[in-house]
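Chains A, B and C supply the protein sequences, listed in that same order.
Per the working numbering, the very first residue in the first sequence carries number -15; after that it's consecutive.
Per the working numbering, the very first residue in the second sequence carries number 32; after that it's consecutive.
Per the working numbering, the very first residue in the third sequence carries number 1189; after that it's consecutive.
Worth double-checking, as some hints may not be accurate.
Claimed, not checked - In silico lysine to any residue, SDA-like type, Cα no more than 20 Å apart, as pairs: (1) B:K449 to A:R29; (2) C:K1342 to A:K99; (3) B:K88 to C:P1386; (4) A:K18 to C:A1332; (5) B:K160 to C:Q1554; (6) A:K99 to C:K1466; (7) A:K99 to C:L1423; (8) C:K1466 to A:E147; (9) B:K88 to C:P1570; (10) A:K99 to C:A1332; (11) C:K1610 to B:K88.
To be verified - FRET-style restraints, in silico, Cβ to Cβ: (12) A:G114 to C:K1226: 47 to 53 Å; (13) C:P1613 to A:E11: 38 to 44 Å; (14) B:D144 to A:E115: 42 to 48 Å; (15) A:E107 to B:Q110: 53 to 59 Å.
It should be emphasised that the hints constitute simulated quantities derived from the structure, not laboratory data.
No residue lacks a Cβ here, since even glycine has one placed at the ideal position from N, Cα and C.
Residues per chain are reported as follows:
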Amino acid sequence: MTQGSCRDTSEMGPRRNPVAVPPLSDEFYENAKKLIARYPQGRARSALLPLLYLVQSEHGFVSPEGQRAIAEILGLSHAEVAAVSTFYTMFKRTPQGKWLISVCTQPACSLAGAKEIVARLQERLGIANGETTDNGMISLEEVECLCVCDGAPVVAVNYENYEKIAVEEAVDLVVRLMQGEAPPPASRGDVPPDFAAVNRRMSGLEAPR
Amino acid sequence: MVKLTIDGRELEVPAGTLVIRAAEQLGIYIPRFCDHPLLDPLGACRQCLVEIEGQRKQLTACTTTVSEGMVVSTQAASQAARDAQESVLEFLLVNHPLDCPMCDKGGECPLQDQTLKYGPGESRYVDAKRRFTKPIPISPLINLDRERCVLCARCTRFSSQIAGDPLIEFFERGASEQVAVFEEEPFSSAFSGNVTQICPVGALTTSTFRFRARPFDMTTTRSTCTRCASGCAIGVQARRGELVRILAAVDLDVNDEWLCDKGRFGHAYVATPERVTQPLVRKGGELVETSWSEALEVVASRVRAAREAGARIGVLGGEQLLDEDAYALSRFARTVLGTNDVDARVRVGADDEEHLFQALPKTITATNQDIDAARAVLVVGLDAHEESPIVFLRLRKAGRRLGTRVVEVGPMRTALEKSSGEWLATPAGAESAALIALACAIGGEGLDAELRAIVDDPEAISAVERAGIDTAEAARLAEVLEEARGSVVVLAGERLAGSPGALPLAWNLARALGGKFGWVPRRGGARGAVDAGLHPALLPGGRSVRWAPHREEVEQVWGSPVPEAVGRDARAILENAAETAVLFLFGADPVRDFPGITSTSAQFVVACDMFLTASVSQADVVLPAAAGTERAGTATNWEGRRRAVRAATSPAGASQADIEVLAALAAELGHDFPGTLEDLGEEMRALAAEPVEAKLLEVSSVAAPHGDAERSFGLLSYPMLIDSGTLTAGADALTSTGEAPYVVLSYADASSRGIADGTTVRVASAAGEVRAPARISKNLAPGVVFVPARQGDVNAGVLFDAGESVGFVHVEAVE
Amino acid sequence: MSPDAPLQQTRVLTARWETPGADRLPGYLATGGYAALKKALAMTPDDIIGMVKEAGLRGRGGAGFPTGLKWSFIPKDRRPSYIVCNADEGEPGTFKDRELIERDPHQLIEGMAIAAYAIGCTEMYVFMRGEFSYPARVMERAIAEAYEGGFLGKNICGSGYDLDFVIHRGAGAYICGEETALLEAIEGRRGQPRLRPPFPATHGLFASPTVVNNVETFTCVPHIVNNGPDWFKTLGTEKSAGTKIFSISGDVERPGNYEVPFGTSARDLIEGFAGGVKGGKRLKAFTPGGASSTAIFGADKLDVALDWESVQAAGSLLGTGAVIVFAEDVCMVRTALRFTQFYAHESCGKCTPCREGTYWLVNALQRFEDGGGREEELEILPRVAGNILGRTFCALGDFATAPVASTVDLFADEYRAHIEKKGCPFER
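Let's have the full structure, built from the sequences with the hints guiding it.
The structure is reproduced here in structure tokens:
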């Protein structure tokens, strides 16, 4: 939160920098039906957050076109959909890179050097907090507590955590990703999927029932 | 009832009352922003914090309901409450910009007022305030300044809860939370102006009032809006004799605190240069300005000549007049002109209306309170959202609060769909068939013998078949109505005249269900014209020309004989215009409004109006009329409720109120004629009808019109709220929110003709054609095409034969 | 406690954490899993609620509300009813729920299932924050196993009772940890708390009676059913029964989750289990209840017993039991700034004091950290915090006041040092 400033939606994202996106796939509409079916009759609106993730998995961000499609499906106004999508930080206004790098800078992680990691990454990538590299590979953001304080400092790549990561290790990891390499397994053993895949998971399509 | 104590004073209020409302009853004002008596409680702004005995924390008075023995201390009696309220104001002013000198709200601003009264003298905040691009237009009418916004959510709650147009919402969160529209999509709502009135700061302001005046520079005159038949209470504000702004006034029986955008923003016509403000007389083919005396003389001499020759004199108009004007015109036609060739209906009318208009002034009909309490409302031939917006809001309110079921009958489903309204589809002009189907389904003991006989008639049954009414759906909806027996309201629009038998059927159905009937015309003076007997077969108070005792009652008051023969209606007058020696037009524009008429070809035309409309510009004499905000009188809304109209400014130029014009003409013709509101009012009171219970109305025919092989589409057409109407002259911001021309087709018809959304379509009848882009809708019955009456330069009137009620057309794509 | 004796955790909820494979169904069953569910299904719902009440179980999500009492508020005549698990752990310093899900997901399922049966719920929801990718996968796998094993789905454990499970992901909003904001998020709305009354017990999810409980709270339930309420009461203190998982982080040698009985001292946790302050430094301060601790404690409070009553008596709140430790060289102004930034960022914006107050405090603290603070603000800022406290729509506002209020109180000298130095005198 910087002094005196805040996010002005009339100046942000697609309004100022329109992004061309392909039409949503047929699969999207079929999956939308599946997601809505998980909730009780008359409660289709509950599928709104899952559908926003689904749009994000196809377009790399929550596109205006995607929001209009969701509004149509759920019988909401466009403004009602955007009111929800702009509330939550995990719904992005601009296309994200293949790898979203999130660094927590809350006290436990900051005490362990998280701020330095952020500064070095910004310098190395040449982008500021919330931005994406020109080659579309990396997006960088400072986030609030990921609740992995016992693994501080933490760098998350598409929400897979690399815990107790040294500054140099973090820089090295991100540089390799920049260069198109696949990431190494994260602290729990799994390799992070790309941004599209992780958002598809978030929508709950792969959850049982 | 619940007893509680506020600031040491005891009172008793109904259970469920909010503490903030209870305090008001004692004259105690608790400061607030997000609270509004007409919106659901929110408790967000925290301004109304009060101390309640036994509670650990201060509570918001606007969300706390009273409980027995509760002891409340407001800022008047509790330091803690005062500190809490002060702190909230200090917080609000952390980011609120010091815009007062240039903010339109200054002088009528709750934030200003409450800060001065309940806030700290100084703010301790020294850092930067948040900045937004400001102001940004969210529609041609409304500007948004997010820096000023206190996030009270009144505007978003109004739009979502009251209007049903959730087009503005809160985006973002925390200190970045802001009111926003989606992308560049404007805040297109027929009720958008209301948010500027309930906004407690200058965040939402109107473009029409921007920088125009300070509240303390204006006079405010409470009056009634006459732009439609809702009859909303308004405050008309003027500065230095010029009308500057119209606000909604509070009238919980009619419009709560709301106004539609046309009523709020459409007043520019009063001051446009196009307005006729001097009498005009045609000399050498041109209309030239003249004096009143000359104009009156010219008219009088023509009238005298016509009367001497026994020629016909016709009078058209009245649905735009105030009650006294309409009454005076009705009397003038009979006693001065000696004719019953009088008709206020410069629109599609029907013989059915005669009996309805006889009954309306005499019968206890539906009111807004009946809608409030109804368990079901049947809406036929009426698009409330476009024709009588506040009725639409009332229906929405009943649906939200009570779960009232709304059933629409007609060829097109209206905006009531978003209030979960039901829809029984009919072809154009076949609403009577749908009503028969509903009545049949109610069946058995539910209908009285007379109505039973009507619906069991073979003609009625075949009408249902021919119209293809979905009888299963009718049965389902009939059950909805049956369940609401005793608290049903039937609302019939003026358009129902186009379906033979529909008006009396709707009336009879309401009666049969133990409910109430309401006739909802479009224009503000239409009901007053009915009460005044501006109809070839009717006299004031619902009396009939055909019945001698009625004529005698009227003659007693008028001191003058009433012609015995029923007169010509508007259609007959216009079709036989060549025979008419003198035709009077009072606020009537048949060339534009009467389907199929292209000129008023009477021998001599006298128009009393404000503008040189298509009809008026053909007249021989034009008498300038004063606007509804420039003179006093009363207006009767669709409920039959009479409300005062007051002058906020003086009549422009030499214009006169219609009652004065008529008195002057009468005097010129040597008649003693009442010319003041008092004198006219006395006569009107003497002729007012005694209200009685509804009686069955005769149904003469239910034969719906139909097309042929070449022109198979039923044409549905009526004016939208914001269109190219005469009285929207000068209100450019308002008219820019109206739509470009379009036509609507159903999915089935569109796909079989290869028509997609946006395809230009040609709609043609024997009389003429129009072309406009198509919109495909699931809310239109197949075999019907909807063409708005007047959008842009498209006038659907060209498609009708003279006075035809329902047209049939040919539809095809053109590319 | 002898400094030489090895400290043992009291492993009830974390009993399976050291057992490989216990996060899978065979391993779970082999360690006594789902026995409590079977036992519960043979009891009456009223008996189960009575048992939980008797055991004195209190919510582990921060509020400490008696769980059995909460369940008893559900009306018996209105259905459907819902069990919703609050897995939106987002409080800085708290990470117990995460590890509970990662290591013993079936324990959570079992606890929720027993609760569902107790309130007549046939469809349970877990609201899991979006960032918990790995825990979500573990949960999904466990749910699939439970369905396959007949512990979820139709006729669970042959009892004739049907029970379904829906996972709903959050999208990055700490406020959704507030129970009514959580319900709003599940219903597809902005995560802003709701007006109460009506309460979730009568009008919760989808306007139906709902119980929202924390992950850790649910995991206690199978143990209470298996071992009885009296056993549960032998652990912890009189008013804070049972064990608690404390999350220790910050400047300690061994950050992690540690399960101990309520009433264990902060000293035992920090110096005993977590190995003391990192690098042998002196302890300057610690939070007894994470970022939401209404007061940060100084070293003088190390012997405070960590249970609800004792912590409250010492002037703070136990909350979720997140102990963040700050060494002597940590700048408390900067710490207060970071915490306040968290609250300002997570503030939902609905109510004036939280929205504007956190904005004010963040700007002022940033200015202080940069050296632009003023002496009078040492009085003004706590007053501003005091103006937020108790006046907001929900508790987030209250928590937001804690960092600045308690650091100005305990570490006013550090604030003054910033003023004097016109900058921050600390390295970290």
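So, going through the hints one by one against the coordinates:
1. B:K449 to A:R29: Holds, because 16 Å separates the two Cα atoms, which is no more than 20 Å.
2. C:K1342 to A:K99: violated (51 Å)
3. B:K88 to C:P1386: holds (18 Å)
4. A:K18 to C:A1332: Measuring from Cα to Cα gives roughly 18 Å; hence the hint holds.
5. B:K160 to C:Q1554: Cα-Cα ~15 Å, so holds.
6. A:K99 to C:K1466: holds (19 Å)
7. A:K99 to C:L1423: violated (41 Å)
8. C:K1466 to A:E147: holds (18 Å)
9. B:K88 to C:P1570: holds (18 Å)
10. A:K99 to C:A1332: violated (40 Å)
11. C:K1610 to B:K88: violated (39 Å)
12. A:G114 to C:K1226: 47 to 53 Å: 51 Å Cβ-Cβ, so the 47 to 53 Å window holds.
13. C:P1613 to A:E11: 38 to 44 Å: Given about 58 Å between the Cβ atoms, the range is violated.
14. B:D144 to A:E115: 42 to 48 Å: holds (45 Å)
15. A:E107 to B:Q110: 53 to 59 Å: Holds: the Cβ-Cβ distance is about 54 Å, inside 53 to 59 Å.
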